[in-house]
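Undergrad: Two chains, two separate frames, one set of hints: put the complex together.
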Amino acid sequence: MIASIDNDGYIRMDASVLRVLKLLVLTSIFICISGAAIASRLFSVIRFESIIHEFDPWFNFRATKYLVTHSFYKFLNWFDDKTWYPLGRVTGGTLYPGLMVTSAVIHNILKKIGLPIDIRNICVMLAPAFSSLTALATYLFTLEITCTLPSMNNKKTPALLSAAFMSIVPGYISRSVAGSYDNEAIAITLLMVTFFLWIKSVRLGSILYASITAIFYFYMVSAWGGYVFITNMIPLHIFILILMGRFNYKLYTSYCTWYALGTLMSMQIPFVGFLPIKSNDHMAAFGVFGLLQLVVLTNYFKETLSPKRFFNLMIAFGILVFTFGISGLIIATKLGWIAPWTGRFYSLWDTNYAKIHIPIIASVSEHQPTPWSSFYFDLNFLIWLFPIGVYLCFNDLSNESIFIIVYSVLGSYFAGVMVRLMLTLAPVVCVCAAITIGKLFDLYLDFKIILSKKVYELNEKVINKNNNFWNLISRFSVILTFGFYLYFYVNHCIWVNSNAYSSPSVVLASKNRDGSNAIIDDFREAYYWLRMNTNEDANVMAWWDYGYQIGGMADRTTFVDNNTWNNTHIATVGKAMAVSEANSEVIMRRLGVDYVLIIFGGMLGYSGDDINKFLWMVRISEGIWPEDVNERSYFTDRGEYKVDDMATKTMKESLMYKMSFYNFGKLFGGRDVYDRVRQQRMSSDYANNIHLDVLEEVYTSENWLVRIYKLKDQDNFGRDLIEVGENERKDTTRRQKRTLTRNRPEFDIRV
Amino acid sequence: MKITQVLYVLFSLVTATLAFHPFEKHWQNSEYEKSVDVSKSFVKERHDINALNIHGKPQSKYVFGLEKSLEFDTSLLLGLYKDTSGKTAMLKSHKLDIYDDDFVYYNIIFPYPIAPGSYFKFSISLILINQMVPYPEHIPMADDQVLKLTTNAYPSSPYDTLAYTLGFISAADFNELINTELPYSLQRNDLSSSVLYKATEPIPGDSILDFSITYTRTAPLTFVNTLVRDLWVSHWSSSLQLEEYYEVTNNGAKLDKGFSRVDYFNEKLMMKPHHAITALRIPFDQSKTIFTDSLYYVDKVGNVSTSQYYEKELIIRPRFPVFGGWNYNFTIGWNSDLKDFLKRENEDTYVLSTHILDGIRDATYQDITLNIYLPEGAELVDYALPFVSDDIKVSHEYSYLDIEKGHLKLTFNFDNIVDEMKNLELVVRYKYSSFNMIEKPLQAAFYIFLALMGLYVLKKIDLSIKPTKNGKLIKEEDEFEEEKKSNVDEIIDVADE
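Sequence lines, in order, name chains X and B.
Quick note: the first sequence uses my numbering, first residue 1, plus one each step.
Quick note: the second sequence uses my numbering, first residue 752, plus one each step.
So here's chain B without its partners, still in its complex pose (with noise of 0.2 Å):
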């Protein structure tokens, strides 16, 4: 009871807060639709809200809060409406520089201004990771895995709303963990695959409030701690070289005890959907040629052989199940044709437009390195990317054949990134002159013509002492024996040839 109760008192510090705003309450929610999917490994939420400008002149500038402690768990946050037309197009969004003890504040822009009492709708999407953890921790091999979401209760949103609803989606055997009364109650409605709860009164402004629920997953929860992908681009093969480094972890339930071979096999656990990392699929994208055979599959004691590729992805399989808590790492990589990724603008500018990442299905990327190889003597004009991300690095790397510089090596770092994603572009131009490229090969010539030169000159050099007298040669004594010694050299010296 106590923790319940220490979670009354912050409520109503909370609330007691709101006076001391950092902004003014233009905006009154008269519909807010907080639903939370819950069947991928990660937590996609989506707020639908009606808003209505109760202030008295036009506002375009509306403020959205989202829970502290999701402010680094924060995959994606997106602001989308309806226009006139009827399409659907991206709200601006930046955050508030303002420091609060439980919001983190973003400023949506809205499209027009809204007239005083007038409505405006729209919807704000987020991808927010690491929310589920295993209930309870350690499971017997064979059972269900069970797993706690704690979410906010009411809408994270500085306003006061008047019509509230917050939606479960795709949560098997639901079940919510609330042993208190909740202070603005929730009526509690299953559906078919969802769960809804209603409010019953308005609820005001900044409410906080940690509702847990769970549910059952037989899938693992798919973790990629590091990835690092690199691409090589190579204008005289025409292709793309792809290698992906991963590092994997499950954060699913764990065992309770050791690994049971026996259990597993008899179980057939193999066969059945499971809280086990058995296999990991990657899709392809379908608009570029791959070249099959070019695919591999190793970790650091080599190759894995059981890997499978299928037209639309690649399936691979783990050295041993994956449970929870238990790590992977593997590389693999692939080659596809340059050209659908490679546009040329004009005699030596080229544009290069790729994924940001080839995700594994239904996992979530914590820190993805993503290396660019622009061939030896290759100049980067300009560079977009699908988010704002920290500064690029630009060095330099050798590589086979790199003499004088290496290639230009362009690395970008981003965190946070769900598979879902995968599907954001970045953009690179850089220039590439036609007399860069036949540079390489001209340069190996000439070095390897210098060695043989230099070889030449060495078999020139004399360094035998032969004995003398008065500064002249004498002949040996032994006629024969040089005779036969200068025969078996001879022979030698063409063999050594």
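The shape of chain X in the complex, shown without the other chains (with noise of 0.2 Å):
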């Protein structure tokens, strides 16, 4: 028998039936939640195809392939004489090698039981298949908060909401749709780990648990850079615990046994390597630990000595203490044992910052200042739950719920001065918001007191009739209240999923004339013809936006990539961009460019391209040579950044604008040239007389998206290529004229 109803007229149960029943309730949940988690995540793989998005992604596949056809030593150890040409660039020790040999691991593994699936799949599903185990760390992180919190009747409430939270959230979406094979992929499931795992060794003063702890930090620290987040929000933690007079065994063992083994593992890292104890992101961690050893000292002291002795003693060490470590913190930086104050320091306190000093962190999209409404548009109705939950956790204060509002408050800053930090933020909103939801739902769905006969027969002899229907009413509103928030947040998160961020950017989506769906592929066409069509050795010169992606897809050597590493490299080819023909020449056989391969959108309206961009080109390349390149040069006296015929004359020289609109003016045969991206028109003959020397053009994409040029060989009688190609112009044009007179319209009468 699994159920019964007894005299009283209680449906009873037996326990272990009651148990088993709970256990499929919660997989059946964790599958739903799973099976969301990974399906918001496909729009673009069912739209598009299985394909790796953007840029970085496509260095952590090339990367990946690496791996997986070479032996992880060479792996570590590979130079990469495929980018940065002619430095090359030292691969193994400048990345974060956690997320290639993850999807390795795994392909190995599959392949090992039987299951040779091929690693483009692995790494684009990579990162659905880790938000599925996000949402689950979310959980247990959660109800390792929420068990802490007394007031909290149902601790696995707002657990599981958390989870189906996290599963679906934009602002982590963003950086997990399958194919965007990015460190962030699997960055934040480990953040989520480490941070459950830390708060539990806190909980038990566990060696193992901190143990373990250490183990997954230093799987994020191979994973992601942000993973110095984590190693500054544990020793914040700590510290604020021991200001609130908070100090006990359990958070001397938890933070001593993690911080010396986790930072012994980070520096196995060879990208990380003596970074723990020279750079200041990690003085915090170093110094944390040292005022633990403090702390542990002082407490012996006060347990051995009088009051009065005690404090002098503490006074002086305390002032001891105090100029040691100022000092030679200053001597250190002073002598270059600590790596000084970096810039992205500074801009994560001053968002301008980079605006004013360094170009090209400022290029970066991603690291713009967060504008209000993302907030919004990534967290929706959570945004506005996350105080609440904030205030719960101060409400039940505990030392676990004290490292919530430490999250919370370093998230919400971070969030602030950069978009891509939303990233981080959106784990705690989800807790903060679960927990509130959590905690309205614990009040507001107990039912039990109407059901139930014995207590509904209690209250109507201490309450009237009316104030339960009130309660009914009110109930009811703030359930259905939320209710439908619920759903607006599920319907906004696919909205946003499906419209915004399954978009893989080397792929684009439009329309035909009759409505019917088309794809633009011109990136991969144009990456594609120069992998069929060039020598394998060649050159090829683009932006830096574009290294990533010609390396993976065109698989020729860049001069400059996404891995923005050397400025003044980069700065060099926006020199050879922006400058005249005649100088970029210089510069370009110098370098040793074979090709020259620009973005235009003029044609198609697309205005994510060069010219749009050209603008940091000049930027950054006059950060290093103000005398050769000025930006107010390229805009017109009026202040206006003008392509069309009232260009200024050096944007009108620069190599860039000739290669974007070199031929454009034939398209139109005679009739005004119209560039659709900057809405601009420029005449015919102005158009038609865009000519370059130095460049031939091999290739341009069906929609003009890609154009590929590439660097005519140096004439066998050494003599100028400008000068040949102003005397052809001189010839033609006597011939023109020539034909011109001669095929002179012959006058007929009409009749």
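Incorrect hints may appear among the rest.
Below, computed lysine to aspartate or glutamate pairings styled on EDC-like, alpha-carbon distance capped at 20 Å [to be verified]:
(1) K112/X <-> E1190/B
(2) K155/X <-> E536/X
(3) K1051/B <-> E54/X
(4) K1008/B <-> E728/X
(5) K111/X <-> E1148/B
(6) K1051/B <-> E49/X
(7) K666/X <-> D1014/B
(8) K652/X <-> D685/X
(9) K710/X <-> D1007/B
(10) K1008/B <-> E54/X
If the Cβ cut is set under 8 Å, some of the chain X residues that face chain B in the computed set are [to be verified]:
(11) L110
(12) G114
(13) L115
(14) E697
FYI, nobody ran anything at the bench for these hints, they're computed from the structure.
Idealized CB from N, CA, C, for every residue including glycine.
TA: So, in structure tokens, the structure goes:
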């Protein structure tokens, strides 16, 4: 008998049956959450294909392929001579290998058990798979928190809600759709797992959990540069606990275990190396480690010494430590033992720092400060539940809830500084919002009072019926409102995922005139042309945005790419694009350029093209050669950015401008030439007069999105290529004039 | 003029060597018609020969000479004759093991000995690849492509020929490139779609003279460098899965300068027959059922969305127009119903017969690797090929859910194939019992069971360290803390499960 009805009318069930039932319900909830997490990330695969997105993932994909085809040690020692020509890049030592190793391991394990799945598909599907794990980790994390909040009746509701929120929150999906094979894809999972384990080890004071925390911290370090967030979060948590007088030996055990193991392990990553003891990012962790030792020492003195002596000792001790600490820091910085304060560090505090001092950082769109609307766009109604959740944590102040408070403060600040850091805020928002809703549902979804007979009878005696009715009304209004919000949240998330975050950006979707879907595949068309029809060792110059894609799809050597480690090299390429043909030729010959690739959206109306990015090239090269390049000279006297007949002389002469509009006029057959992006018209005569002498057009894609030029060989007779071109043009104009006079139109009498 | 002088010298040398011929001249060609068909991207030659036995005894062996330069460009050499009932039948032929500077000799075996003084009429069909070269090599994009073809002006025969005709079929804007006197004169005669040359005098055997012509062809010279063709036999899904990887080059005229999209667009070259490859057409075998939703067309950077599928053929467009000298590679595949290919001979023996390729229309294939993957556990019995090939390679390849040995992989290599030979059949007989068929699911189930059992056993192991006193467990002092901890752990344990 599974259930029986007893005399009082209650349904009685066996405890073991209930337990199984509970397990089944829980399991099915998790399956649903995983399903939602994965399914909502597959829009791009279904609409387009299983393809790697954007720019950075192409490099990760290429590195993964290298790892799969070579050995792990070869991968770590990988010197990539196909990028940053002629410098090359010590790729193995300058990347976070976690992502590549993860997919390579999955690939190899699946191969071992008889599932030889293509590495591309593993890379594409890695992010959705890990996002379902993130939901699980968020569940565990929230459960750890709610278990320490005494006012929370139902501990699992918030945990399950937070997992559900996390699985489809757009702020996270933006970085983890299928095909966006980026470090963040696994890093957020690791972040949540590390935090969960950290909370657990703080609560238990367990060396085992602290060691596991360290292991996951190591995994996180190997996967994403954002590990610094954990490196600072955990010490800050401890620091605040100490300030609040909540020091205990559990904290000491877990922190020291984590710090010692985690730091040692993180130093094994070649890219990190000695940073944990040198860079300012890690100083806080080191400082708190030292502080903890002092606190333990003080605790010991406190027990052994008399209060008066203890007080005096403390004063002397404090001054000593402070002076030594500060002077040590200054000396170490001066001597260069620890890294100087980097630009990225300043830009975290002053959002305008990068814009003024480091154009290359400012030129990346994801480094821009976050507009307020994107908080709502990425988090929907969670954003206004978030402060309430934090407030609830304040209500039940436990060591664990203090972690949530610290996390939410830090997360909010960083998300406000940089758009991409919205990603680290999303989990805590989900947790806090889930705590809020959990609390609300605790109160308002609890119908036991109304349904249970005995209580009902009790109530009737005490309170009148009317009150009970209003009680019900208020319950239902709250439940329905929040039911609606939950529904709306799901709706919003799916809409955002489908419309905003599911474009591979390598392939563009468009519509035909009859409304049917069409795909604009110019990027791959041109990259594949390069791959098929140029020499294998050809060097392709393009702006750094396309470096990874050229490496991944065209398989050709590039000069600069998205790993912007050498500003001067980027500025050199920017200068070659920004200056006149004659000056540019010198730079290109010196660099060893074979082909030049540019993106031109004027025909199609694609606004992310090189003419629109041109100012960044100018700015970055101006930073190095202010005497050769001047941003002002690319604007007209009235301060307009013009590309038509009114464009400035410098603009018209620049190589980028010429490459973009070369031959563009012919397309309009004598009519005015119209640039669909800039919405500017140029006269046909002028447009047809744009000429190139040192470069030869070798390929232009179907919609003119990508144009490839070849640097002409030097003249056999040692003449200047531009002079040759000038003479030819003179000849042709003379000849044209002659033919014009010869073929004078005949006048007929019209009858 | 120098080259022609050299040619003269060579020619006289060739005629002089006739005396030391490795075999005797038992035959005389009373009529010899050589027709060269250039309508495709490869050359089809047909030699109609009426041979007279001038030896004293009945003869059944005829020697056919082929220019040495064509030895590695010959795709097919086939002798045909009409038997007594009027049907066309094949003649046996094999290469003679004789070394000669100018010729490779083939022995053609007649079906019956020919009496002295009797005639035997037969024809030899040849398919030659890599014969055309663009002339000039570099042309402007909008111009028509002119091709140059060089062939032997005279019969490729060691025997003397009395009446000889040389014809060129389907050559538009025909032009001959001869600036010297022919040793044996030929009279040109232009017909509507062909050009004929008739010899005015008998021609001695073993005569060679390069004869070049040019003609206009507004179609690409599609050349497949490599084709890897994989056929996966799946009994469970009852489908034959095909995947083909192509490396294609256009051997046509190259562009004189860089590709200009604006000219390409303004001249509307996309719409016209042109010397760039804009589409490759692969006709389907109508007798087979193809699962159309399984069709795919990808290259190394992903899906190519520009393919079209009709009832009869698959039209695939490369990402970019492939001009002369340009390359493109891609992978296509589809599934067919296995029933159309497989015959069950008895309880556990099957016969698979398949075409050696699904050819791209009008294309030449340099190197074809055909892999047939039979299901895991299958055993090869024997195979039959339409022509002589190197030995096949038998190996194993691991694929999905292969645990023991992997799929049985048979590898065949062919070279110099043209699309017209696609109907040639390859037959493989193999053993595959019904036990083999259920073996795999059983194995998979067994391993999953093992994994689950392992998990269960692992869960049973208790590794926790508990404080003890004299070998006995002691209770924590802080009971409340302990209880709370265990509660949380339990909740989390349930969640973990």
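Undergrad: Starting from the hint list further up, note which numbers the structure goes against and sort them upward.
TA: Hints 2, 10 and 11 contradicted; others consistent.
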